[in-house]
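Peer 1: To convert, note that position 164 of the sequence shown is 164 in the UniProt record's numbering; the numbers rise steadily by one, no gaps.
Hints were generated in silico from the structure; no laboratory data involved.
Treat the hints with care, since some could be wrong.
[Stated by the list, open to error] Label-pair restraints from in silico Cβ distances:
hint : residue 1 : residue 2 : range
1    : S169      : T68       : 48 to 58 Å
2    : A38       : V165      : 16 to 26 Å
3    : G170      : G137      : 46 to 56 Å
4    : S83       : D144      : 42 to 52 Å
5    : S105      : V70       : 48 to 58 Å
6    : Y79       : P108      : 36 to 46 Å
7    : P36       : F69       : 50 to 60 Å
8    : Y79       : R143      : 22 to 32 Å
[To be verified] The list that follows gives simulated cross-link-like pairs (lysine-lysine, PhoX-like), each with its CA atoms no further than 20 Å apart:
hint : residue 1 : residue 2
9    : K207      : K136
10   : K179      : K189
11   : K25       : K136
12   : K64       : K14
13   : K14       : K136
14   : K25       : K14
15   : K14       : K181
16   : K134      : K207
Glycine is no exception: its CB is placed at the ideal position from the N, C-alpha and C atoms.
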Amino acid sequence: MRFSLRPQDDTFYKFFTDAAQNIVKGTAILAELAEPEADVQSVSERLVEVEHANDEITHELYNKINSTFVTPLDREDMYALGSQLDDVMDHIEAAGNLVYLYGLSELPAPPREMVELLNVLVAQAAITVQAMPKLKGMDASLRDYWIECNRLENDGDRAYRMLLVRLFSGEYEALTVLKLKEVADELEKACDAFEHVANTVETISVKES
Numbered sequence: 001m002r003f004s005l006r007p008q009d010d011t012f013y014k015f016f017t018d019a020a021q022n023i024v025k026g027t028a029i030l031a032e033l034a035e036p037e038a039d040v041q042s043v044s045e046r047l048v049e050v051e052h053a054n055d056e057i058t059h060e061l062y063n064k065i066n067s068t069f070v071t072p073l074d075r076e077d078m079y080a081l082g083s084q085l086d087d088v089m090d091h092i093e094a095a096g097n098l099v100y101l102y103g104l105s106e107l108p109a110p111p112r113e114m115v116e117l118l119n120v121l122v123a124q125a126a127i128t129v130q131a132m133p134k135l136k137g138m139d140a141s142l143r144d145y146w147i148e149c150n151r152l153e154n155d156g157d158r159a160y161r162m163l164l165v166r167l168f169s170g171e172y173e174a175l176t177v178l179k180l181k182e183v184a185d186e187l188e189k190a191c192d193a194f195e196h197v198a199n200t201v202e203t204i205s206v207k208e209s
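Model the full structure from these sequences, guided by the hints.
Peer 2: Quick look at the structure:
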C-alpha cells in the first residue's frame with residue numbers, strides 16, 4: 001500500500017473535473033457547426049459564456065493553490081494542468097468565434113476534414129472528463145487515457161493536413177481559404193492542447209506512483 005504525507009483535498013480535483021466538464025460543453029456546442037443551417041451566432045455566443053466560466057474555474061484554482069500550504073500534488077503540475085485545460089477552451093472558443101466573425105456560415109457545409117477535426121475534439125473531451133476524477137486515486141486506467149488522447153491527437157493531425165490539402169486545391173476562393181485556415185489552425189491547436197493535458201497527467205501519475 002502506498003502512503004502519502006500530502007493532504008487529499010477534494011477541492012483541487014473538483015476544479016480539474018469542473019474544467020473538463022466545461023470543455024465537454026464547449027466541444028458539443030462547437031460540433032453544432034457541422035449541422036445543416038447551424039446557428040453560428042448562437043454557437044459563438046454560448047462558447048464565449050463557457051470560456052468565461054472556465055476562466056473563473058482557473059482563477060479559483062490558482063487562488064486555492066496560492067492559499068494552501070501543502071497541496072495534494074506538486075504546485076507546478078497543478079498550475080500546468082489548470083492552464084492547459086484553460087488553453088483547450090480558449091482555442092475552442094476562438095474557432096467558433098472566427099466562424100461567426102468571418103461569415104463562414106454562408107458556405108453550404110464545412111469541409112469534411114473540418115468535421116473530422118470536430119469529432120476528434122469531442123472524443124478527446126469525453127475521455128478527458130472521465131480521467132480527471134481518477135487523479136485523486138491515481139487510477140491505473142489513467143495510462144489508457146493518455147495513450148488514447150495521444151492517438152486521437154494523431155488523428156487530428158491527419159485530418160488537419162488533409163484539410164490543408166483541400167483548402168489549397170482550388171475548391172475555395174482565396175479569401176475563404178484564409179478564413180477557413182485560421183479556423184482550422186485553432187481546431188488543431190485545441191487538439192494539441194488536449195495532448196498537453198494528457199502529457200501532464202502522465203507526468204503527475206509517474207511522480208505520484
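Peer 1: Give a verdict on every hint.
Peer 2: Going down the list of hints, with the structure as the test:
1. S169 x T68: 48 to 58 Å: holds (54 Å)
2. A38 x V165: 16 to 26 Å: Distance hint for A38, V165 holds at roughly 24 Å.
3. G170 x G137: 46 to 56 Å: The hint (46 to 56 Å, Cβ to Cβ) holds, given that G170 and G137 are roughly 54 Å apart.
4. S83 x D144: 42 to 52 Å: violated (24 Å)
5. S105 x V70: 48 to 58 Å: Holds, since S105 and V70 (Cβ atoms, about 51 Å apart) stay within the stated range.
6. Y79 x P108: 36 to 46 Å: holds (44 Å)
7. P36 x F69: 50 to 60 Å: Roughly 55 Å apart at Cβ, these two residues keep to the hinted range, so it holds.
8. Y79 x R143: 22 to 32 Å: About 23 Å separates the Cβ atoms of Y79 and R143, which means 22 to 32 Å holds.
9. K207 x K136: holds (13 Å)
10. K179 x K189: Distance ~16 Å between K179 and K189 Cα, so the pair holds.
11. K25 x K136: violated (23 Å)
12. K64 x K14: This hinted pair holds, its Cα atoms lying about 12 Å apart.
13. K14 x K136: Holds, at roughly 10 Å.
14. K25 x K14: Holds, because 16 Å separates the two Cα atoms, which is no more than 20 Å.
15. K14 x K181: At roughly 36 Å apart (the allowed maximum being 20 Å), K181 and K14 break the hint.
16. K134 x K207: It holds: about 15 Å lies between the C-alpha atoms, which stays within 20 Å.
Violated hints, in rising order: 4, 11, 15; the structure is consistent with all others.
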